[in-house]
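Protein sequences appear in the order of chains F and E.
The first sequence maps to residues 1 to 294 in the numbering used here.
The second sequence maps to residues 1 to 294 in the numbering used here.
Hints listed in this document are in silico derivations from the structure and should not be mistaken for laboratory results.
No experiment lies behind these values; they were computed from the predicted model shown.
Just so you know, not all the hints are guaranteed correct.
[What the hints assert, rightly or not] Rough simulated footprint, nothing fancy, chain F against chain E, three-plus residues with beta-carbon under 8 Å:
hint: 1; stretch: 19 to 31
hint: 2; stretch: 139 to 149
hint: 3; stretch: 153 to 167
[Claimed, not checked] Only pairs whose alpha carbons sit at most 20 Å apart, straight line, appear in this in silico PhoX-like list of lysine-lysine:
hint: 4; chain 1: E; residue 1: K46; chain 2: E; residue 2: K15
hint: 5; chain 1: E; residue 1: K146; chain 2: F; residue 2: K26
hint: 6; chain 1: E; residue 1: K267; chain 2: E; residue 2: K207
hint: 7; chain 1: E; residue 1: K15; chain 2: E; residue 2: K26
hint: 8; chain 1: F; residue 1: K258; chain 2: F; residue 2: K245
hint: 9; chain 1: E; residue 1: K26; chain 2: F; residue 2: K146
Ideal placement from N, C-alpha and C gives every residue a C-beta, glycine not left out.
The residues making up each chain are set out below.
2 protein chains.
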Amino acid sequence: MGEQLRYFLTEIKEKIEEQLPRHIDKLAAPQTLKEAMVYSLNAGGKRVRPALVLATLKSFGKPVDDGFDVACAIEMIHTYSLIHDDLPAMDDDDLRRGKPTNHKVFGEALAILAGDALFTYSFELIATMQGVSAEKKLLLVQEIAKASGPEGMVGGQVADMEGENQSLSIDELMYIHEHKTGDLLSASIISGAIIAGATSNDLINLKMFAKELGLMFQIKDDILDVEGDAETIGKPIGSDDGNNKSTYPNLLGLDGAKAKLNEHKDKAREHLAKVNMDQQLLLALTNYVAERDH
Amino acid sequence: MGEQLRYFLTEIKEKIEEQLPRHIDKLAAPQTLKEAMVYSLNAGGKRVRPALVLATLKSFGKPVDDGFDVACAIEMIHTYSLIHDDLPAMDDDDLRRGKPTNHKVFGEALAILAGDALFTYSFELIATMQGVSAEKKLLLVQEIAKASGPEGMVGGQVADMEGENQSLSIDELMYIHEHKTGDLLSASIISGAIIAGATSNDLINLKMFAKELGLMFQIKDDILDVEGDAETIGKPIGSDDGNNKSTYPNLLGLDGAKAKLNEHKDKAREHLAKVNMDQQLLLALTNYVAERDH
Numbered sequence: 001m002g003e004q005l006r007y008f009l010t011e012i013k014e015k016i017e018e019q020l021p022r023h024i025d026k027l028a029a030p031q032t033l034k035e036a037m038v039y040s041l042n043a044g045g046k047r048v049r050p051a052l053v054l055a056t057l058k059s060f061g062k063p064v065d066d067g068f069d070v071a072c073a074i075e076m077i078h079t080y081s082l083i084h085d086d087l088p089a090m091d092d093d094d095l096r097r098g099k100p101t102n103h104k105v106f107g108e109a110l111a112i113l114a115g116d117a118l119f120t121y122s123f124e125l126i127a128t129m130q131g132v133s134a135e136k137k138l139l140l141v142q143e144i145a146k147a148s149g150p151e152g153m154v155g156g157q158v159a160d161m162e163g164e165n166q167s168l169s170i171d172e173l174m175y176i177h178e179h180k181t182g183d184l185l186s187a188s189i190i191s192g193a194i195i196a197g198a199t200s201n202d203l204i205n206l207k208m209f210a211k212e213l214g215l216m217f218q219i220k221d222d223i224l225d226v227e228g229d230a231e232t233i234g235k236p237i238g239s240d241d242g243n244n245k246s247t248y249p250n251l252l253g254l255d256g257a258k259a260k261l262n263e264h265k266d267k268a269r270e271h272l273a274k275v276n277m278d279q280q281l282l283l284a285l286t287n288y289v290a291e292r293d294h
Numbered sequence: 001m002g003e004q005l006r007y008f009l010t011e012i013k014e015k016i017e018e019q020l021p022r023h024i025d026k027l028a029a030p031q032t033l034k035e036a037m038v039y040s041l042n043a044g045g046k047r048v049r050p051a052l053v054l055a056t057l058k059s060f061g062k063p064v065d066d067g068f069d070v071a072c073a074i075e076m077i078h079t080y081s082l083i084h085d086d087l088p089a090m091d092d093d094d095l096r097r098g099k100p101t102n103h104k105v106f107g108e109a110l111a112i113l114a115g116d117a118l119f120t121y122s123f124e125l126i127a128t129m130q131g132v133s134a135e136k137k138l139l140l141v142q143e144i145a146k147a148s149g150p151e152g153m154v155g156g157q158v159a160d161m162e163g164e165n166q167s168l169s170i171d172e173l174m175y176i177h178e179h180k181t182g183d184l185l186s187a188s189i190i191s192g193a194i195i196a197g198a199t200s201n202d203l204i205n206l207k208m209f210a211k212e213l214g215l216m217f218q219i220k221d222d223i224l225d226v227e228g229d230a231e232t233i234g235k236p237i238g239s240d241d242g243n244n245k246s247t248y249p250n251l252l253g254l255d256g257a258k259a260k261l262n263e264h265k266d267k268a269r270e271h272l273a274k275v276n277m278d279q280q281l282l283l284a285l286t287n288y289v290a291e292r293d294h
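Looking at chain F on its own, in the form it has when it is part of the complex:
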């Protein structure tokens, strides 16, 4: 991992984790609601989406400070989606990153509302942030709402639920990942580019790059799940398999999945090469996604 990439995945992470609870603390809202919101924001994670926002901004030669509010907003949306996914009616998970899930601590009703509140506040944060023009803020709302909604993350989640215990085609599996996780990853990159004032041509190429990167991320997760060391990735090996879930290695075999990963990596690099920016950082990220061991 390059030095600059390490900076984005470590130091930026710390800064984001400092800022996230501060946004909530200052709200005039019931204390228990704020506690439930902050609890899940503080629950850790790699903070990949904020890193993508800021790395893209940096790659366009702009100061990363301009992107922290949007980075926090997108992490709030990711957190809301995890709180709702974990609910008894959905995945019914008791633990998330080794800590009790939101509804185990605060009860189902407050967990639903904490998710709703995080999501709503994220749009308020974007729409009211300083130093970015109205036009850019509106583009951010458009991009992020589309990525999170029925045609994006929520649609992907519904398709995932409906696909459970069914054998899916590769296209169906790609649809699920593209929308359930890919669209918000892509929106993170595009958000950085919007703040940086990228041209519409650059936005188009970055969107194609981001789509490949999102698929790479998921295929690599599936591969790690099969061959990874249980201690390294922190969950029982083959846990998705036990769920009778369609995965890339299940559909294509392990070698087939690895070939697929490389295919998407080549395409990602191709699209990235067309963007008028310093490509080094996102290139390092692309390699990291393909080669990481956890």
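Go by the hints and put chain E onto chain F.
Just chain E now, kept in the frame of chain F:
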């Protein structure tokens, strides 16, 4: 009820009900998700919030056509809040307006996601609508996100949950109503004014007017619940009472609640008088809210 007001509460309602499902039908999203979204949008209701958006626009002398997208978006947010409120973890209601609630028909998981999707899509609709400037659209997102979030509707819902089976003060009761229902009613009026290009002074006076109107609405609901005819209002008289809920008549007595209603009505008229618009329609609405029998 004046002729013009009747138009807003009947003909506008029909137009809104025609448009609501069309927005969802055209989405590229899983069919079951779209069905769950449309089911609750089609479940009826007075469509008060859309009427407020459009009546305000009209009062500023602007064409109502400019406001239909925002009116639909706000009705989607109201609908999302009802779907989540009805969930087993929340109010656990089987019926809403005489029809099975969303989770009774589609299951809890899809009901949660249909709510999430309606809410998300409402922001996309506002941010992408035609014929309104970026600045105005951004103001709409700010206003509506604040009214729906932790400092608005979600905060009010949490306070309402926490206040159940407790005896509340009048201030606590007002906090709940102001945020749980009042903020989105107010945002409806302000949204009409934003589209119309109202001055910030007019926005301030309208906001104070809207706050009084929202409280009037709730106090009148409480009064009707005590003295209304069960057939007219369509639910068992005193049903909130049976819930051991704090209401205005419980806290102030029936006469006290009526006096309170008149107090807020006077204040509402006072604030409205300061707004540079044709006040006739919103004045008729104010009288209607105080005098309606259901």
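Open item on the list: Need the list of violated hint numbers for this structure, in ascending order.
Closed with: none
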